[in-house]
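To convert, take the position in the sequence shown, counting from 1, and add 6; that gives my numbering.
Just so you know, these hints were derived from the structure itself, not from any lab. Keep in mind that the hints are not guaranteed to be accurate.
Said to hold, decoys possible - Listed next, the in silico DMTMM-like pairs over lysine to aspartate or glutamate satisfying Cα-Cα at most 20 angstroms (straight line):
{"hint": "1", "residue 1": "Lys143", "residue 2": "Asp122"}
{"hint": "2", "residue 1": "Lys59", "residue 2": "Glu31"}
{"hint": "3", "residue 1": "Lys33", "residue 2": "Glu273"}
{"hint": "4", "residue 1": "Lys318", "residue 2": "Asp111"}
{"hint": "5", "residue 1": "Lys229", "residue 2": "Asp279"}
{"hint": "6", "residue 1": "Lys309", "residue 2": "Asp122"}
{"hint": "7", "residue 1": "Lys596", "residue 2": "Asp422"}
{"hint": "8", "residue 1": "Lys528", "residue 2": "Asp328"}
{"hint": "9", "residue 1": "Lys476", "residue 2": "Glu432"}
{"hint": "10", "residue 1": "Lys229", "residue 2": "Asp280"}
{"hint": "11", "residue 1": "Lys379", "residue 2": "Asp122"}
{"hint": "12", "residue 1": "Lys278", "residue 2": "Glu305"}
{"hint": "13", "residue 1": "Lys121", "residue 2": "Glu295"}
{"hint": "14", "residue 1": "Lys601", "residue 2": "Glu576"}
{"hint": "15", "residue 1": "Lys84", "residue 2": "Asp111"}
{"hint": "16", "residue 1": "Lys120", "residue 2": "Glu136"}
{"hint": "17", "residue 1": "Lys124", "residue 2": "Glu305"}
{"hint": "18", "residue 1": "Lys96", "residue 2": "Glu31"}
{"hint": "19", "residue 1": "Lys297", "residue 2": "Glu526"}
{"hint": "20", "residue 1": "Lys237", "residue 2": "Asp301"}
{"hint": "21", "residue 1": "Lys237", "residue 2": "Asp279"}
{"hint": "22", "residue 1": "Lys338", "residue 2": "Glu321"}
{"hint": "23", "residue 1": "Lys568", "residue 2": "Asp524"}
{"hint": "24", "residue 1": "Lys229", "residue 2": "Asp328"}
{"hint": "25", "residue 1": "Lys338", "residue 2": "Glu273"}
{"hint": "26", "residue 1": "Lys433", "residue 2": "Asp422"}
{"hint": "27", "residue 1": "Lys83", "residue 2": "Asp179"}
{"hint": "28", "residue 1": "Lys335", "residue 2": "Asp383"}
{"hint": "29", "residue 1": "Lys564", "residue 2": "Glu576"}
{"hint": "30", "residue 1": "Lys536", "residue 2": "Asp383"}
{"hint": "31", "residue 1": "Lys278", "residue 2": "Glu206"}
{"hint": "32", "residue 1": "Lys522", "residue 2": "Asp504"}
{"hint": "33", "residue 1": "Lys96", "residue 2": "Asp156"}
{"hint": "34", "residue 1": "Lys96", "residue 2": "Asp236"}
{"hint": "35", "residue 1": "Lys229", "residue 2": "Glu432"}
{"hint": "36", "residue 1": "Lys338", "residue 2": "Glu206"}
{"hint": "37", "residue 1": "Lys278", "residue 2": "Glu295"}
{"hint": "38", "residue 1": "Lys200", "residue 2": "Glu305"}
{"hint": "39", "residue 1": "Lys601", "residue 2": "Glu432"}
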Amino acid sequence: MLNFPFETKRPGQQELMDKITSCLENKKHLLVHAPTGIGKTVSALYPTLNFAKEKGLTVFYLTPRHSQHTIALNALKKMGDVKVTDMVGKLWLCNYLGEDMIGSDFHEICNFLKKDGKCAYYNNVITKGELTESAQKKINALSGSILAADELKEQCAGLCPYEISCFLARRSDVIIGDYFHLFNPYIADTFLAKINKKLENSIVIVDEAHQLPSRVRDLISSKLTEYVLDKAAQEAKEFKSAIYGDIMGLQSRIHNEMRVLLGFSEEAYLQKDDLSNIFRQVGAEFLDELKLVSDQAKEAGKKKSFCASLAKFIEEWIASNDSYARVAKRVKAYGGDRYEIRLTALMPSLVSGGVISETHSTILMSATLQPLKMYGDLLGVPNYETILLRSSFPRENRLNIIAPIATTRYAQRGEDQYRTYAGAIEKICSNLSGNVAAFFPSYAFMQQVERLLDHQQKFIEDAEQSKDQKAVLLNQFILSDGGLLLGVQGGSFDQGIDFPNNVLKGVVIAGISLAKPDLETKSLIECYDKQYGKGMEYGYLYPAVQKAIQASGRAIRKESDKAVIVYLDERFTWSNYRPVFADHTFVVSKEPWEKLKEMEWN
């Protein structure tokens, strides 16, 4: 039996652990809604790892962000005799190519360099199909350590950290990874074979599982842009390939198709044959020729091949079925309008359901996994149970206010609404002692409100900011007194960020971040209506409210924290949004700033 890593258990923790143990014993899957403060990570890992060690199973702990690996690693270090490997994407571990590449491009180049014997780091681990002596020594030296991926990278001077990680994973009880390790159908089988693991002998824990449906959809979606076609033609010409003319002809035919299809519209549906017929005209050898040019580009040291990108899109388009939306879009670009073609996956369950059904058990958990049935449906989870835990934090420490005095509905947007939002935010800041964050549905809406805010200390999220710039901005806000952070829902500051020492006293949810009602959204609604009879809810309303709930959770991260959350949109009072708010209690007020004066701690 492993050590429980803390002296006492939090409220709700034993209930959750008992439920997990029951599901493991009965080979069932589990959907967990557990608010912040329960201790989900420990509650999932402790019983799962005890069960797995007894039965000879492997535990995969998957999270969507690198920063969340640390929480799991710290818990596992306190449990005793556990072998752990922390896995991140190969790109982030590479000592040769660096991190300034897109994932798909990186894998193309990496595989080519390995096959051609041109990566010294890989060669120092594996030579002629055999593990080198220096690599074996390093694996033996590290196998008893619990290291974060960046720490392992530092230990692997002259060696490929990814390859070393994979060999360590073969010996591990727990593998911490990203969603794509198991839920990307293009790499999952190869990854599992490489680490000598099988899903049927594994228990999978998915953290922040509310993000999994959209992440899976992104992993299996694709797009072709006019820019890629231009660059593919240039690449073929540079390497004097005979397919230069074929690409130019292909580009011309697609351009003509787009001109007719789009006309004066911003977007239009495509039928599969609209492009498949064009692809057939260039001949069966065209894909092979594209890949040949791609190899020549890699041989020449290029970090990206546009011919490889074109070949990948053609293959995915031809293989796609009715679970995809095919949409042509007009996009703004330097030099005028251009087009792009999107192949958008609608049914994540076709991938996730297959993965989950193969495992011994899968535990899907989040602080915002409501309604639970929606996630069971969208992810195709078979034979599952659910548990919904209430927050263990004192209710008096959090005041939820719905203020039905404004709306971000498109039809009503204008100067009057912008002024209403700015005025309400100013009054909330004036009546609250501490820092406040306001999260908007879009950058455009935020900018319209921001120009009307007369606040001395404004810290504004920008879509163009680098990771380092955002870190500096966040630190400045945390150190401020009475600062106002302006960000977007689903952005960089409303998920995966903990504001220390209760520095955040108020959160304003300035509107509802509904998806743009475009053809892709329409396709999603129609698909989910056909599959589940819940198209508008699953495809449009609930995901928007989830973003609001995620943002609202930034303020209270521990039992002693106190904060007020103001939901500033009249639609939050509507009954069709309520299932996502099942464990919240609200006060409705048209003057939320007056309610702040009633809080004893303010």
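Against the structure, the hints come out as follows:
no.	hint	in the structure
1	Lys143 with Asp122	violated, 25 angstroms
2	Lys59 with Glu31	holds, 13 angstroms
3	Lys33 with Glu273	violated, 46 angstroms
4	Lys318 with Asp111	holds, 11 angstroms
5	Lys229 with Asp279	holds, 16 angstroms
6	Lys309 with Asp122	holds, 15 angstroms
7	Lys596 with Asp422	holds, 16 angstroms
8	Lys528 with Asp328	holds, 15 angstroms
9	Lys476 with Glu432	violated, 24 angstroms
10	Lys229 with Asp280	holds, 15 angstroms
11	Lys379 with Asp122	violated, 49 angstroms
12	Lys278 with Glu305	violated, 34 angstroms
13	Lys121 with Glu295	holds, 19 angstroms
14	Lys601 with Glu576	holds, 17 angstroms
15	Lys84 with Asp111	violated, 39 angstroms
16	Lys120 with Glu136	holds, 14 angstroms
17	Lys124 with Glu305	holds, 10 angstroms
18	Lys96 with Glu31	violated, 34 angstroms
19	Lys297 with Glu526	violated, 30 angstroms
20	Lys237 with Asp301	holds, 15 angstroms
21	Lys237 with Asp279	violated, 25 angstroms
22	Lys338 with Glu321	violated, 27 angstroms
23	Lys568 with Asp524	violated, 40 angstroms
24	Lys229 with Asp328	holds, 16 angstroms
25	Lys338 with Glu273	holds, 12 angstroms
26	Lys433 with Asp422	holds, 17 angstroms
27	Lys83 with Asp179	holds, 13 angstroms
28	Lys335 with Asp383	violated, 30 angstroms
29	Lys564 with Glu576	violated, 29 angstroms
30	Lys536 with Asp383	holds, 12 angstroms
31	Lys278 with Glu206	violated, 36 angstroms
32	Lys522 with Asp504	violated, 29 angstroms
33	Lys96 with Asp156	holds, 12 angstroms
34	Lys96 with Asp236	violated, 29 angstroms
35	Lys229 with Glu432	violated, 42 angstroms
36	Lys338 with Glu206	violated, 47 angstroms
37	Lys278 with Glu295	violated, 23 angstroms
38	Lys200 with Glu305	violated, 26 angstroms
39	Lys601 with Glu432	holds, 15 angstroms
In summary, the structure is inconsistent with hints 1, 3, 9, 11, 12, 15, 18, 19, 21, 22, 23, 28, 29, 31, 32, 34, 35, 36, 37 and 38 from the numbered list given earlier, while agreeing with the others.
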